[in-house]
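Number of protein chains: 2
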Amino acid sequence: MAQAIVNNGVNVDALLAAREALKSAPEAAKFTWRASCTWKNGTFTQTKVQGFHGLGAEQKHKAEFSFDADHPEIFASEDLGATPVEYVLVGLVSCLTAGVAAVAQNRGVQLRSVEAKIEGSMDIQGILGIDSEVRNGFDGIKVTYQIDADATPQEIEAIVAQSQKRSAVYDVITNPVNVTVEVV
Amino acid sequence: MAQAIVNNGVNVDALLAAREALKSAPEAAKFTWRASCTWKNGTFTQTKVQGFHGLGAEQKHKAEFSFDADHPEIFASEDLGATPVEYVLVGLVSCLTAGVAAVAQNRGVQLRSVEAKIEGSMDIQGILGIDSEVRNGFDGIKVTYQIDADATPQEIEAIVAQSQKRSAVYDVITNPVNVTVEVV
Chain A
-7 MAQAIVNNGV
3 NVDALLAARE
13 ALKSAPEAAK
23 FTWRASCTWK
33 NGTFTQTKVQ
43 GFHGLGAEQK
53 HKAEFSFDAD
63 HPEIFASEDL
73 GATPVEYVLV
83 GLVSCLTAGV
93 AAVAQNRGVQ
103 LRSVEAKIEG
113 SMDIQGILGI
123 DSEVRNGFDG
133 IKVTYQIDAD
143 ATPQEIEAIV
153 AQSQKRSAVY
163 DVITNPVNVT
173 VEVV
Chain B
-7 MAQAIVNNGV
3 NVDALLAARE
13 ALKSAPEAAK
23 FTWRASCTWK
33 NGTFTQTKVQ
43 GFHGLGAEQK
53 HKAEFSFDAD
63 HPEIFASEDL
73 GATPVEYVLV
83 GLVSCLTAGV
93 AAVAQNRGVQ
103 LRSVEAKIEG
113 SMDIQGILGI
123 DSEVRNGFDG
133 IKVTYQIDAD
143 ATPQEIEAIV
153 AQSQKRSAVY
163 DVITNPVNVT
173 VEVV
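Protein chains in written order, with the numbering used here: chain A, -7 to 176; chain B, -7 to 176.
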């Protein structure tokens, strides 16, 4: 059986077991992901990620992750980190790529390499308030995969399509999410 | 004049000058932001950010930024980085917070500290394919600001509201963005 010798490093058996377990405990499927942001100076901020809630309990990453964000020098900032919009691209491409590995594993397809380029286009007349007809965010995002795997081009296409179908970040970006902002 | 002594580290004069310059050169306002993702193993990926296009030319951050993403151990992964959905939260909260600093500067409001908590809730019955009625992404995101500034609570509320109005990532998350994924 081909599947037995395929190893993309994804523990699909554990994921399928979790799916079965959550079917009878839907409350445990409710997750809350969190981050804490501190303004440093100008457009430079530092955001930390560690705790989250899921499986009915508080959870913690093994380490605290810290992310510097800033605007580039051409926007008169100090370029001390990636821009916020680039963080969104990182989230989308990493979500889809993890999905490619998981779906390939589930379908018994051995991956050798997966590379993805992502680009988001944006007319900054929106954020600068020059033209109110121009949106602030991306007017489109394009992801291009180059995948070396033991599979036909059609099978690879289907794996990528299934990853989109199950991707949390793809959903967040292609569909509206309600965001509430409050000051305490 | 209050504005003269306010310094949040944002060069608003340069931004206003850029806005004037771009009014007569709208092509220069077209930006493309990019990232390149390499699959490492399992759900672990590394995404690099450095080049982008804008002001009619190729641009480069001062340094290359690299981001590890993974799923946590409770999803049978190795937790070698923040999750993709947490990267989205980092992007949103850093975008809104940079906006708070810029708007405050433009309004002559001195900030002393800005802290933001962000949380996104998600029912993972979606991504696990348990219930097709459950969306894959966040069912809602909440951002809570704690701001110490030389301003009334009403002025602070208005600054935060204006930041939302001009935020690229807030737009990306609250409104649909077209995403194209292809395999070459």
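Hints should not be assumed to be uniformly reliable.
Said to hold, decoys possible - Only some residues are given here: those of chain A computed to face chain B with a beta carbon under 8 Å:
#, residue
1, F67
2, N98
3, I110
4, A141
5, V169
6, V171
Hints are computed from structural coordinates only; laboratory data are not their basis.
Virtual Cβ for every residue (Gly too), placed ideally from N, Cα, C.
Each hint, compared with the structure:
1. At about 7 Å, the closest approach between the beta carbon of F67 of chain A and any beta carbon in chain B falls short of 8 Å, and the interface hint on this residue holds.
2. Restraint check, N98 of chain A versus chain B: the minimum CB separation of about 11 Å is more than 8 Å; hint violated.
3. Look at I110 of chain A: its Cβ gets to within about 5 Å of chain B, closer than 8 Å, so that hint holds up.
4. Interface restraint check for A141 of chain A: the shortest CB-CB distance to chain B comes to about 10 Å, outside 8 Å, so the restraint is violated.
5. Satisfaction of the interface hint for V169 of chain A is found here, the shortest Cβ-Cβ separation to chain B being roughly 5 Å, below the 8 Å cut-off.
6. Because the closest C-beta pair between V171 of chain A and chain B is about 5 Å apart, less than 8 Å, the hint holds.
Hints 2, 4 from the list above are not met by this structure, while the remaining hints are.
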